[in-house]
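The sequence shown begins at 1095 in this note's numbering and counts up one residue at a time.
Hints listed in this document are in silico derivations from the structure and should not be mistaken for laboratory results.
All of these numbers come straight from a predicted model, not from anything done at the bench.
Hints may contain errors.
Claimed, not checked - Keeping only pairs whose Cα atoms sit at most 27 Å apart, straight-line, the calculated DSSO-like set for lysine-lysine is:
{"id": "1", "residue 1": "K1161", "residue 2": "K1129"}
{"id": "2", "residue 1": "K1161", "residue 2": "K1180"}
{"id": "3", "residue 1": "K1129", "residue 2": "K1115"}
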Amino acid sequence: MRYSTLNLTALNIREAHERPKAMEEGTVMMVCVRKGRILHGLQILENQTQNSIQIVRDYFVSNVSEKVVRIIVSYVDYANRVVWQKH
1095 MRYSTLNLTA
1105 LNIREAHERP
1115 KAMEEGTVMM
1125 VCVRKGRILH
1135 GLQILENQTQ
1145 NSIQIVRDYF
1155 VSNVSEKVVR
1165 IIVSYVDYAN
1175 RVVWQKH
């Protein structure tokens, strides 16, 4: 839908993404890579008003960068074990 920090209308065309907060707040709309779903998503975006999109409050927390670093570091062992199969 609208990337709240940039105030841009966008359609996320993929199967999964790393921004669950944006999905929960309704600022990002995700559709799979199928023509019908993409067209449907574009139709919804076209019919919505610019003021209907809310800014994701968590993006404006003063220590958001510190939170992101902690989250990334927290997943290093998991990614090494599951994704990269390092033991």
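**Request:** Could you tell me which of the numbered hints above are not met by this structure, giving the numbers in increasing order?
**Result:** 1
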